[in-house]
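Enquirer: Residues per chain, in single letters:
2 protein chains.
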Amino acid sequence: MKIVVDGFGGDRAPEEIVEGVIIALDKHKQLEVIITGDENKLKNLINGRYRDRIQVVHAPKVITNDDIPTEAIRKMEDSSLVKAFDILKNNEDVIALISAGSTGAILTGTIMKIGRIKGITRPALAPILPTKRKDKDVLLCDSGANIDCKPINLYHFGLMASAYYSILYNEKSPKVGLLNIGVEEHKGNDLTREAYQIFKNSSLNFIGNVEAREYMSGNVDVMVAEGFAGNVLLKASEGAVGAVLSLLKGSIKSHLSSKIGAIFMRKTFKELKGRVDVLNKHGGSPFLGIKKLVMKNHGSCGRLNISSSIDQAILLHENKLIQKIEDALVEKVEK
Amino acid sequence: MKIVVDGFGGDRAPEEIVEGVIIALDKHKQLEVIITGDENKLKNLINGRYRDRIQVVHAPKVITNDDIPTEAIRKMEDSSLVKAFDILKNNEDVIALISAGSTGAILTGTIMKIGRIKGITRPALAPILPTKRKDKDVLLCDSGANIDCKPINLYHFGLMASAYYSILYNEKSPKVGLLNIGVEEHKGNDLTREAYQIFKNSSLNFIGNVEAREYMSGNVDVMVAEGFAGNVLLKASEGAVGAVLSLLKGSIKSHLSSKIGAIFMRKTFKELKGRVDVLNKHGGSPFLGIKKLVMKNHGSCGRLNISSSIDQAILLHENKLIQKIEDALVEKVEK
Chain A
0 MKIVVDGFGG DRAPEEIVEG VIIALDKHKQ LEVIITGDEN KLKNLINGRY
50 RDRIQVVHAP KVITNDDIPT EAIRKMEDSS LVKAFDILKN NEDVIALISA
100 GSTGAILTGT IMKIGRIKGI TRPALAPILP TKRKDKDVLL CDSGANIDCK
150 PINLYHFGLM ASAYYSILYN EKSPKVGLLN IGVEEHKGND LTREAYQIFK
200 NSSLNFIGNV EAREYMSGNV DVMVAEGFAG NVLLKASEGA VGAVLSLLKG
250 SIKSHLSSKI GAIFMRKTFK ELKGRVDVLN KHGGSPFLGI KKLVMKNHGS
300 CGRLNISSSI DQAILLHENK LIQKIEDALV EKVEK
Chain B
0 MKIVVDGFGG DRAPEEIVEG VIIALDKHKQ LEVIITGDEN KLKNLINGRY
50 RDRIQVVHAP KVITNDDIPT EAIRKMEDSS LVKAFDILKN NEDVIALISA
100 GSTGAILTGT IMKIGRIKGI TRPALAPILP TKRKDKDVLL CDSGANIDCK
150 PINLYHFGLM ASAYYSILYN EKSPKVGLLN IGVEEHKGND LTREAYQIFK
200 NSSLNFIGNV EAREYMSGNV DVMVAEGFAG NVLLKASEGA VGAVLSLLKG
250 SIKSHLSSKI GAIFMRKTFK ELKGRVDVLN KHGGSPFLGI KKLVMKNHGS
300 CGRLNISSSI DQAILLHENK LIQKIEDALV EKVEK
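Sequence order for the protein chains is A and B.
Residue 104 in numbering that gives the first Met the number 0 sits at position 105 of the first sequence; the count goes up by one each step and never skips.
Residue 106 in numbering that gives the first Met the number 0 sits at position 107 of the second sequence; the count goes up by one each step and never skips.
There could be a bad hint or two in this list.
No copy is singled out in the list; a pair is fine if it fits within one copy or between any two copies.
Unchecked claim - Listed below are the simulated DMTMM-like cross-link pairs for lysine to aspartate or glutamate, each with C-alpha atoms no more than 25 angstroms apart in a straight line:
id, residue 1, residue 2
1, Lys252, Asp134
2, Lys248, Glu270
3, Lys131, Glu237
4, Lys248, Glu237
5, Lys74, Glu38
Derived by calculation from the structure, the hints in this document are not laboratory data.
The whole structure should be built from the sequences, with the hints applied where relevant.
Expert: As structure tokens, this is what we get:
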């Protein structure tokens with residue numbers, strides 16, 4: 000099984016990327032990895048490890064967040080990302096691409112080089128978020144890539160994220176909720192009202208409208224949102240969690256008794272931090288709606304994220320994510 | 000100075016309403032209050048206190064959340080809310096109405112009985128939210144009442160909430176931010192792009208687009224949002240804060256050391272709770288864009304909220320909130 004990894008995507012590349020690959024190779028005995036990027040630098044870092052299971056493909060250039068995605072993908076053929084896309088595209092036995100590079104460039108690459116699944120107009124990311132229940136996460140789709148959606152796009156987000164969730168958590172029929180400003184069927188705007196009807200008549204396990212307040216309750220598995228609202232949901236939660244932790248920290252500092260208390264509460268703070276950082280556990284997110292697996296990692300991710308992302312790619316490949324999305328779509332597309 | 004109070008609005012009426020009025024009368028020596036509702040019940044609760052400064056106006060019926068707002072306002076003339084609106088409308092010396100009743104009914108009442116300020120098509124609420132800085136709050140306008148807004152509506156939200164903020168916090172030129180999914184001028188959807196241009200060319204202290212993550216940073220005073228996104232922002236923050244506190248609580252329970260730590264940290268937990276409940280400090284919110292002051296209190300509010308709301312109404316009256324909004328609008332309306 001072969002996976003191609005963009006060796007120079009992300010803030011901590013190439014060191015952390017290479018080490019993440021090594022961890023994955025330790026774990027998956029059948030795995031082979033192709034790393035793209037500056038050959039000398041990569042070989043130095045690899046330093047002879049897994050000589051027979053790592054292949055370095057030279058690509059001297061790096062696409063950054065400042066490059067315009069369409070131009071970069073079209074013209075920077077000798078960049079680590081474009082090289083990785085070409086390898087994914089031209090080799091059937093390469094099952095996935097992993098990159099922590101520019102989201103815009105990766106999205107553009109997936110569409111231009113790999114292509115959308117038939118019937119999908121808007122590929123999407125579905126980041127994994129924590130809930131207040133220890134054993135439950137929630138997927139948010141879309142979280143900001145797709146603005147001004149049509150009702151059918153929202154339905155596709157639900158369908159794709161549902162297939163993704165079912166593999167990730169081994170859950171046959173994930174609960175799909177529609178982000179809205181009230182739970183009643185008629186609530187919201189034209190977009191949510193029309194999408195509601197499509198979901199209601201679909202075979203997804205649609206639980207109806209879900210308010211932003213409830214999405215971390217653990218009662219919904221897949222939260223569907225138009226990209227603007229989804230982005231607000233994601234970032235408002237991050238901001239609020241950050242604000243609470245910052246107020247907590249400030250208050251602890253200003254009271255001696257709290258300082259003492261905090262020492263006793265170390266376990267709890269560690270647990271809280273671990274729960275909030277749920278993304279680190281899973282590595283990246285796949286672009287949903289694309290013909291092959293492309294995993295996007297956070298720009299600041301480290302080795303453990305990269306290896307988790309490889310774990311996830313293998314899991315999604317073995318459980319046929321793309322096939323499952325195609326199958327679920329057939330009914331709708333044929334209409 | 001006279002204020003009319005809906006004696007039977009809210010879950011804890013009439014007891015908490017009456018006690019809130021008493022607290023306000025203790026504090027403001029020039030204040031007179033008219034309370035609407037069942038005369039016998041109210042007089043029993045008042046029990047002879049402030050005989051010369053409280054007037055009870057009999058209104059046997061109560062509008063609930065189950066009543067259809069427009070019908071209720073039109074037909075339930077002998078309800079405590081409609082009676083209060085009629086008193087506010089017909090008496091120039093009554094400066095404000097306070098109610099903790101159905102938001103829909105109050106909004107409908109403000110429009111049908113009192114009327115909008117010339118030039119405003121969408122009245123709005125601007126709830127006060129905490130930030131991570133101890134000494135700063137932020138206003139969110141709109142927070143869910145106004146869906147499918149036009150760019151000019153967003154501008155009016157900024158203008159009205161800015162006038163409100165400047166009085167509440169004695170700040171001449173509050174920083175107004177536009178909720179968006181990126182900070183650059185071209186980011187977002189057509190609505191935010193067009194609204195951005197209006198703000199940019201206005202005399203408000205417009206600081207540009209603000210992401211949901213940043214709205215609790217304390218760097219923005221007035222956060223402007225279309226109602227759907229604003230509602231998601233508000234409820235996502237509430238949900239996330241609730242989730243963190245619930246995870247914290249759960250973790251403390253499961254470790255003996257944390258239980259001990261928590262005892263030492265009481266002061267901090269109390270501070271945190273106080274900061275999160277910032278709304279309680281200020282009582283209710285005024286409906287912005289209405290010709291007279293109408294304060295909406297939360298349905299579950301108690302006596303302190305009611306008295307804070309009266310404090311706020313007096314402050315807003317003395318500082319001429321409505322006049323300030325009218326003045327700020329003139330320029331735009333005349334164009």
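Enquirer: Now, for every hint given, state plainly whether the structure supports it.
Expert: Hint by hint, here is what the structure shows:
1. Lys252 / Asp134: Between copies only: 17 angstroms across chains, 32 angstroms inside a chain, cut-off 25 angstroms.
2. Lys248 / Glu270: both (16 angstroms within a copy, 11 angstroms between copies)
3. Lys131 / Glu237: Classified as both; 14 angstroms inside a copy, 13 angstroms across copies.
4. Lys248 / Glu237: For Lys248 and Glu237, both the intra-copy (16 angstroms) and inter-copy (19 angstroms) Cα distances are at most 25 angstroms.
5. Lys74 / Glu38: within (20 angstroms within a copy, 80 angstroms between copies)
The structure meets every hint from the earlier list without exception.
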